[in-house]
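Asker: Fit the two chains together into the complex; they arrive one by one in their own frames, and the hints show the way.
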Amino acid sequence: AQKVTQAQTEISVVEKEDVTLDCVYETRDTTYYLFWYKQPPSGELVFLIRRNSFDEQNEISGRYSWNFQKSTSSFNFTITASQVVDSAVYFCALRGNSGYSTLTFGKGTMLLVSP
Amino acid sequence: DVKVTQSSRYLVKRTGEKVFLECVQDMDHENMFWYRQDPGLGLRLIYFSYDVKMKEKGDIPEGYSVSREKKERFSLILESASTNQTSMYLCASSLPGTDSGNTIYFGEGSWLTVV
Chain A
1 AQKVTQAQTE
11 ISVVEKEDVT
21 LDCVYETRDT
31 TYYLFWYKQP
41 PSGELVFLIR
51 RNSFDEQNEI
61 SGRYSWNFQK
71 STSSFNFTIT
81 ASQVVDSAVY
91 FCALRGNSGY
101 STLTFGKGTM
111 LLVSP
Chain B
116 DVKVTQSSRY
126 LVKRTGEKVF
136 LECVQDMDHE
146 NMFWYRQDPG
156 LGLRLIYFSY
166 DVKMKEKGDI
176 PEGYSVSREK
186 KERFSLILES
196 ASTNQTSMYL
206 CASSLPGTDS
216 GNTIYFGEGS
226 WLTVV
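Residue numbers (the working numbering), protein chains in the order written: chain A, 1 to 115; chain B, 116 to 230.
Be a bit skeptical, because a hint or two may be false.
What the hints assert, rightly or not - Capping the alpha-carbon separation at 30 Å, the derived lysine-lysine pairs in DSSO-like fashion look like this:
no.: 1; chain 1: A; residue 1: K38; chain 2: B; residue 2: K118
no.: 2; chain 1: B; residue 1: K172; chain 2: B; residue 2: K133
no.: 3; chain 1: B; residue 1: K128; chain 2: B; residue 2: K118
no.: 4; chain 1: B; residue 1: K128; chain 2: A; residue 2: K107
no.: 5; chain 1: B; residue 1: K170; chain 2: A; residue 2: K107
no.: 6; chain 1: B; residue 1: K170; chain 2: A; residue 2: K3
no.: 7; chain 1: B; residue 1: K186; chain 2: B; residue 2: K170
no.: 8; chain 1: B; residue 1: K170; chain 2: A; residue 2: K38
no.: 9; chain 1: B; residue 1: K118; chain 2: A; residue 2: K3
no.: 10; chain 1: A; residue 1: K38; chain 2: A; residue 2: K107
no.: 11; chain 1: A; residue 1: K70; chain 2: B; residue 2: K128
no.: 12; chain 1: B; residue 1: K172; chain 2: A; residue 2: K38
no.: 13; chain 1: B; residue 1: K128; chain 2: A; residue 2: K38
no.: 14; chain 1: A; residue 1: K3; chain 2: B; residue 2: K172
no.: 15; chain 1: B; residue 1: K118; chain 2: B; residue 2: K168
What the hints assert, rightly or not - Which residues of chain A face chain B? A few of them, derived with a C-beta cut under 8 Å, are:
no.: 16; residue: G43
no.: 17; residue: L45
no.: 18; residue: F47
no.: 19; residue: R50
no.: 20; residue: D86
no.: 21; residue: S87
no.: 22; residue: F91
no.: 23; residue: T102
no.: 24; residue: F105
no.: 25; residue: G106
no.: 26; residue: K107
no.: 27; residue: G108
Since the hints were made in silico from the structure, they are not lab data.
Glycine included, every Cβ here is placed at the ideal spot set by N, Cα and C.
The shape of chain B in the complex, shown without the other chains (with noise of 0.2 Å):
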């Protein structure tokens, strides 16, 4: 069965602090997406990965970075929390971006606040 896993469900961060999510597959996919939903405006995309150590921008990258170390494995990095940040997120992942049909499969979702 399909499984991404977000390490966090619930954090209550500082403004200014750094503050890391994390997120890992278990499917052995090569696409790895970070998305923030936030009421009235849907999902959007942060950042995504098509391999290890290799990353793009998405729509709304700014005050985010990532880290693909490892292909299981992809980190959304906040370096400075603002509050403008607090918002849900999810990871997600897919099959090779060759072959578009591939559906992408969610997490759980990490809700953050940022007071």
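With the rest of the complex left out, here is chain A (with noise of 0.2 Å):
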């Protein structure tokens, strides 16, 4: 079975700041795949990323960045000089590699940028 734990209901910080959201897994899958979305008020699910299980290199995108280390099964993401468009629920999410395999989804994370 494959699970998603962020631990992290809620956190608020001030614009500018930078923040650092959670994202633990399991599975017996040795290849899988790891995503993270953002939901913003509207609702929509925005893809952000996707990890495959090799591929262990941290990755940037402007103000975000993602650190995937295997040994702790682990798939960090960090939003440096934090916006108050960055406010959303952030979601990490696994896909497996057998069979018609489907995203298993963490709870989310609130994440609230107040100016």
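Answerer: In structure tokens, the structure reads:
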């Protein structure tokens, strides 16, 4: 069985602060894929990044960066110099490699960035 | 650009009514999914389909059925709506499930209230 844990239910920061959202996963698959999605108040889930289990290189995209640590089964997401527009619920998700696999989501972390 | 469209953003239905939630994707994706999202529970998979007329139960199929008569359209049906089905419903699609790395793209969501 697959499981994704986002221990932080809600985080509040002030604009320009850096913030890290934690994600820990469990899977028996040797090949798997990890995702982060952003859900703004409008409701749509916006895809941010996909990472496969063979690629442990960290990735940076503008103010966003992701730290994949296979040894600790973690895929953490950092926003540098946060902005009010970053306020949203962020979901970490896992997709295995067995059969017609689907996404297993964490319960999400609500990020509130205040001016 | 990727587009998953859910026909109704907000619905209010009465207990016992039959409810149809429609979803259309324009990316020629084989896989389509229905999730529901509830506070504190995250996203949970109801049903998915990997081809026309094919369907598979997800984690919480009870009280729901689906229909996939055309590749681009995936309908979620509540045969007899109940108040515990008040929720946000998210439709999604992706490329063939044999490549689990393919990203799942989501629609904007349908907020259903059953009174």
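Asker: Taking the hints in turn, state whether each one holds.
Answerer: Each hint tested on the structure:
With a CA separation close to 16 Å, the supplied pair A:K38 and B:K118 stays within the 30 Å bound. With a C-alpha separation of about 20 Å, the suggested pair B:K172 and B:K133 falls inside the 30 Å cut-off, and the hint holds. Under the criterion of a C-alpha separation no larger than 30 Å, the hint pairing B:K128 with B:K118 is consistent with the structure, at around 27 Å. Proximity of B:K128 to A:K107 is assessed by CA-CA distance (about 27 Å); at most 30 Å being required, the pair is judged to hold.
At roughly 25 Å between alpha-carbon atoms, B:K170 and A:K107 fall within 30 Å of each other, so this suggested pair holds. Annotation: proposed proximity of B:K170 to A:K3 holds, straight-line Cα distance about 23 Å (limit 30 Å). Proposed proximity of B:K186 and B:K170 is supported: the alpha carbons are some 12 Å apart, at most 30 Å. Between B:K170 and A:K38 the alpha-carbon distance is near 27 Å, which keeps this suggested pair within the 30 Å criterion.
At roughly 28 Å between alpha-carbon atoms, B:K118 and A:K3 fall within 30 Å of each other, so this suggested pair holds. Between A:K38 and A:K107 the alpha-carbon distance is near 12 Å, which keeps this suggested pair within the 30 Å criterion. Under the criterion of a C-alpha separation no larger than 30 Å, the hint pairing A:K70 with B:K128 is inconsistent with the structure, at around 46 Å. Only pairs whose Cα atoms come within 30 Å are accepted, and B:K172 paired with A:K38 is accepted, the gap being roughly 26 Å.
For the proposed pair B:K128 and A:K38, the alpha carbon gap of about 29 Å is at most 30 Å, so the pair holds. With a CA separation close to 18 Å, the supplied pair A:K3 and B:K172 stays within the 30 Å bound. In summary, the hint linking B:K118 to B:K168 is supported, as the alpha carbons are separated by about 22 Å, within the 30 Å threshold. At about 4 Å, the closest approach between the beta carbon of A:G43 and any beta carbon in chain B falls short of 8 Å, and the interface hint on this residue holds.
At about 4 Å, the closest approach between the beta carbon of A:L45 and any beta carbon in chain B falls short of 8 Å, and the interface hint on this residue holds. Hint on A:F47 holds. Least Cβ distance to chain B is approximately 5 Å, under the 8 Å limit. Because the smallest distance between the Cβ of A:R50 and any Cβ of chain B comes to about 5 Å, under 8 Å, the interface hint for this residue holds. The beta carbon of A:D86 comes no nearer than 19 Å to any beta carbon in chain B, farther than 8 Å, and the hint placing it at the interface is violated.
For A:S87, the shortest C-beta to C-beta distance to chain B is roughly 17 Å, which exceeds 8 Å, and the interface hint is violated. With a cut of 8 Å, the hint placing A:F91 at the interface with chain B holds, because the nearest CB-to-CB distance is about 7 Å. With 8 Å as the threshold, the beta carbon of A:T102 comes within range of chain B, its nearest partner Cβ sitting at about 5 Å, so the hint holds. Checking A:F105 against chain B by beta carbon gives a least distance of about 4 Å; that is within 8 Å, so the hint holds.
Taking 8 Å as the C-beta cut-off, the interface hint given for A:G106 holds, the closest approach to chain B being about 6 Å. Annotation: interface hint on A:K107 holds; nearest CB of chain B at approximately 4 Å, less than 8 Å. Contact between A:G108 and chain B, as hinted, is supported at the beta carbon level, the nearest pair being about 6 Å apart and thus within 8 Å.
Checked against the numbered hints given earlier, the structure breaks hints 11, 20 and 21 and satisfies all the rest.
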